[in-house]
Amino acid sequence: MNDIYVDDLVIGATFWGIGYAVGSKGLTLIIEKSNRLGQEFIDCYKFGDNWDCPCLTQEGEEFKEELKSRNILSGTHKPILQACCPMLSMTAANHNVKLLLATRLLTMEKTADEYLVEACNASGIIKIHAKRVLDTADAGRKFDRKSINAMLNACNRKAEEKKDKEFELYPAERPDVAYLKFFVPEQDSLMSARSKLYERLYSNYWELKGFTVISVAKVFDYHYSTDHQASFGISGSFTNPVKAFDAGVHAGKAGERK
Amino acid sequence: MLTYRRMVNGALTETAVEQAVFAEQVDVLVAGVGTAGALAVISAAAQGAETLGVDRLPGIGGMGTMGYVSGYYYGLDGGLHVGIDEEAQAMGREHFLDRVEAKKYIMENRIARYGGRLSLETTVTGIFLEGNTVKGVSLLSGGKQWNVGCKVLIDATADSAVVTLAGCATQTGRECDGKTRPFTSVKVWLHENGNITRTNHDSGYVNQYDPFELSQGILQAHASQLLEEFSDEKKRVMFFAPFIGIREGRIIDGEKNIVIEEVIAGMKEEETLFYAYCDFDKHGKDHALETDALQDLYVAANLSTACFTVPVTLRSMTPKGYRGLLVAGRHVGMDHDVASLLRMQRDMQKCGESAGVVAALAAAEGVAPEQVPYKRVKAILEATGCLTEEHNKGIWFDDSFRREQIRWMTDPEEIKAELATDKPGIAIYSSKLLGAAITPQLKQWMASEDRMLRFASAISLALIGDPAAAPVLREIVRERDAFYYKDCRRTNQFRSAIAIYLLGKLGDRESLPLLREILCEEAEYDKPLYHEIKEISYKINTSKNFNELYYQIISHAAVALTRLATAHPDLADGIKKTLLQAFKDDRHLVNVTTLPKLTFENETVENIRSEVFRFCGVEQAAEPVAQ
Numbered sequence: 001m002n003d004i005y006v007d008d009l010v011i012g013a014t015f016w017g018i019g020y021a022v023g024s025k026g027l028t029l030i031i032e033k034s035n036r037l038g039q040e041f042i043d044c045y046k047f048g049d050n051w052d053c054p055c056l057t058q059e060g061e062e063f064k065e066e067l068k069s070r071n072i073l074s075g076t077h078k079p080i081l082q083a084c085c086p087m088l089s090m091t092a093a094n095h096n097v098k099l100l101l102a103t104r105l106l107t108m109e110k111t112a113d114e115y116l117v118e119a120c121n122a123s124g125i126i127k128i129h130a131k132r133v134l135d136t137a138d139a140g141r142k143f144d145r146k147s148i149n150a151m152l153n154a155c156n157r158k159a160e161e162k163k164d165k166e167f168e169l170y171p172a173e174r175p176d177v178a179y180l181k182f183f184v185p186e187q188d189s190l191m192s193a194r195s196k197l198y199e200r201l202y203s204n205y206w207e208l209k210g211f212t213v214i215s216v217a218k219v220f221d222y223h224y225s226t227d228h229q230a231s232f233g234i235s236g237s238f239t240n241p242v243k244a245f246d247a248g249v250h251a252g253k254a255g256e257r258k
Numbered sequence: 001m002l003t004y005r006r007m008v009n010g011a012l013t014e015t016a017v018e019q020a021v022f023a024e025q026v027d028v029l030v031a032g033v034g035t036a037g038a039l040a041v042i043s044a045a046a047q048g049a050e051t052l053g054v055d056r057l058p059g060i061g062g063m064g065t066m067g068y069v070s071g072y073y074y075g076l077d078g079g080l081h082v083g084i085d086e087e088a089q090a091m092g093r094e095h096f097l098d099r100v101e102a103k104k105y106i107m108e109n110r111i112a113r114y115g116g117r118l119s120l121e122t123t124v125t126g127i128f129l130e131g132n133t134v135k136g137v138s139l140l141s142g143g144k145q146w147n148v149g150c151k152v153l154i155d156a157t158a159d160s161a162v163v164t165l166a167g168c169a170t171q172t173g174r175e176c177d178g179k180t181r182p183f184t185s186v187k188v189w190l191h192e193n194g195n196i197t198r199t200n201h202d203s204g205y206v207n208q209y210d211p212f213e214l215s216q217g218i219l220q221a222h223a224s225q226l227l228e229e230f231s232d233e234k235k236r237v238m239f240f241a242p243f244i245g246i247r248e249g250r251i252i253d254g255e256k257n258i259v260i261e262e263v264i265a266g267m268k269e270e271e272t273l274f275y276a277y278c279d280f281d282k283h284g285k286d287h288a289l290e291t292d293a294l295q296d297l298y299v300a301a302n303l304s305t306a307c308f309t310v311p312v313t314l315r316s317m318t319p320k321g322y323r324g325l326l327v328a329g330r331h332v333g334m335d336h337d338v339a340s341l342l343r344m345q346r347d348m349q350k351c352g353e354s355a356g357v358v359a360a361l362a363a364a365e366g367v368a369p370e371q372v373p374y375k376r377v378k379a380i381l382e383a384t385g386c387l388t389e390e391h392n393k394g395i396w397f398d399d400s401f402r403r404e405q406i407r408w409m410t411d412p413e414e415i416k417a418e419l420a421t422d423k424p425g426i427a428i429y430s431s432k433l434l435g436a437a438i439t440p441q442l443k444q445w446m447a448s449e450d451r452m453l454r455f456a457s458a459i460s461l462a463l464i465g466d467p468a469a470a471p472v473l474r475e476i477v478r479e480r481d482a483f484y485y486k487d488c489r490r491t492n493q494f495r496s497a498i499a500i501y502l503l504g505k506l507g508d509r510e511s512l513p514l515l516r517e518i519l520c521e522e523a524e525y526d527k528p529l530y531h532e533i534k535e536i537s538y539k540i541n542t543s544k545n546f547n548e549l550y551y552q553i554i555s556h557a558a559v560a561l562t563r564l565a566t567a568h569p570d571l572a573d574g575i576k577k578t579l580l581q582a583f584k585d586d587r588h589l590v591n592v593t594t595l596p597k598l599t600f601e602n603e604t605v606e607n608i609r610s611e612v613f614r615f616c617g618v619e620q621a622a623e624p625v626a627q
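Line by line, the protein sequences are chains A and B. Note that our numbering has the first sequence beginning at 1, numbered continuously upward. Note that our numbering has the second sequence beginning at 1, numbered continuously upward.
These aren't lab readings, by the way, just hints derived from the structure by calculation. Don't take each hint at face value.
Stated by the list, open to error - Which stretches of chain A does chain B cover? Using the computed rule of at least three CB atoms under 8 Å from a CB of chain B, they are: (1) 28-36; (2) 101-108; (3) 119-125; (4) 193-201; (5) 213-219.
What the hints assert, rightly or not - As a list, the in silico EDC-like pairs of lysine to aspartate or glutamate whose alpha-carbon atoms are at most 20 Å apart: (6) B/K144 x A/E186; (7) A/K196 x B/E94; (8) A/K78 x B/E192.
Stated by the list, open to error - Non-contacting residues of chain A with respect to chain B, defined by C-beta distances greater than 12 Å in every case (computed): (9) K131; (10) K163; (11) E166.
For every residue, glycine included, the Cβ atom is placed at its ideal position computed from N, Cα and C.
Put together the whole structure using the sequences plus the hints.
In structure tokens, the structure reads:
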């Protein structure tokens, strides 16, 4: 395999990143450390709000309308977040988006003309030359706090919205399922955060008594202040996947630099 | 002086290192904390070894947790995983809707309790060697790179990812086209009654070492799960498992490579670490492209669900010529056929457990893993139930359809009686094992008026390699006999397809017109037999958009023609013309399936077409013209 040359290298197959590749006229390559698209919402169990929002681009509108046509987005129930996984995959496939999954950023060096990026995947280390690099996945230090989220089964309880300093609970698209945000310190790893979540759930935390865990998120949910929200192309900082995708398309069309 | 090896743009590079700087030194380093690796970390740590497990994913446990395949398919219960599963099951009832999350949590806790450590979202980027002895690895996590030294390294990546860096020889996929087994993606549903179920979806073939092809395959697999409308209130999609199920990867060239012939023969080993147990669960439908050894059993004898016991030793877990390096997982030394069997979760957990024990003892004694006395390892593995003589089960039909031990037959009368039934598989394969000793009787029975006995005798005789079977086999094909044997609960074989496979194997030149007719006459598809099976049937693995019988007939016919061309060089040019004519367009494809490219069904047909073009020496097959 030879070195790869592209105009734009997008880090993270996020809603914003896929949107950028869809909107961009140049050669765009996305690298994603996991095997999945849209992790910052889907595998994060980040539910968001106001999905049925006005879009900046035609592609954004079309994306939203397709979500509606498939009943993923509806006025009668909350959006079916998990159904966005095949939806975003289909969008990327239909737009022939170039991406490398299971590929992790190793090093990045800026020269006079380009960025030289080393990334690592099943083929070993690959070298990518890019005119621009857009990191849409790294929350950096711009977030206010972070949570590990979980999908809970309400069993016989009714899932109602609740908030306290440690957690937030939101009903999902069906009455017996809820999404939990459990806030953890910035330095926590996924493993330590998971462990704290379980300990808290099983220690007579009466607000959550009766709920069982369906699944725990594979990535952290980062929370941003309103001032910072959606201001630096970090896909997860948008209020919902539609907005993130639409903003990505808009940036791609404009050739946004970062 | 150490050597540092890493892979750059697909090629192995090597650098001499005067003095490696290791940020830490551990006894046992486990790369890949999946199905096997998690148990390797637990068992090594439980033996007191300072153990570090690293995995590129954010969670441990592999397909059983991250892939959400929490049920078991064969393998035998035993060892540390049993207690973990029981605890997960109990915890699942109280706190989790499913045991998947619980199992991950319990395993992480056990690792911590034994003093082991984990570094998740961490990739091994290179390896340090002194000669052929592993000394450590370089790691990448969160943008940070560091080196860790180790006494023993266990590659539990399921893919030989680390031993490849060391330079160990590996092999990938089947002999004819290098394809590995089709991969799967898992969709998880939550039902109205609170139950969770899974849909396991075969998603096609992919070369996982071509990063673009792998990404395209995964993208297509996820995209294919998109429903027209998500509106079923009783059954909601909960999520798509974050980990796709690649069933086969690079397999090491071990100190011993287990081969199919010895598995079928009921191999014995002196220093077994664990027993694997399963059928040849190969998933693909393109049987015609498998080895003769597998087809003799799976196709000709119709024994696809027969379960075999495989004793696995440390030699199969040791890359040839390397020290301080073990593998645990579905990449132990074996051939491609055995790789479809020796990969089940329970067995892989036992593989990890035994590797962890050996590695820990080796590190404690300061010796190489192969120098650890077997008796010590055996005692530890027997104590946990990982190794027990009860696991040495032999060969079985082992499902609710049929549960009985398989014993190869030697009595001609017993063979005759069974050949006359619709379950003649054991008798057919027994005949193959008896060879010339049973030939006179088979010839005699082939003249019988009992159609079942006559046809099964011909199949048996052909399996021995006797050309006298050919006229009866041709008769079966000429009839387009749509009968299928019923030895197994699934993947039963059609008699016509069996006959075609055997005519090719015999190199029967008189079957040439018959095979040409099947592949080149457009009226072939109009024959009633291809349209009689309308319903989806697990017994013969027919699915909604895949004409199984037509596919088996044309795929075996195509491969039979390549065998005839090889056996009779004077026929080769004509046969190549026939094959190119038959596959010049996508007629056969659309007769089998209308599903698009990159789907499992489409690629199953494409695999045959590619094989034909490869045989004919045509580098790039012309793009088929739509009919």
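### Numbered hints the structure breaks, given as an ascending list
Violated hints: none; all satisfied.
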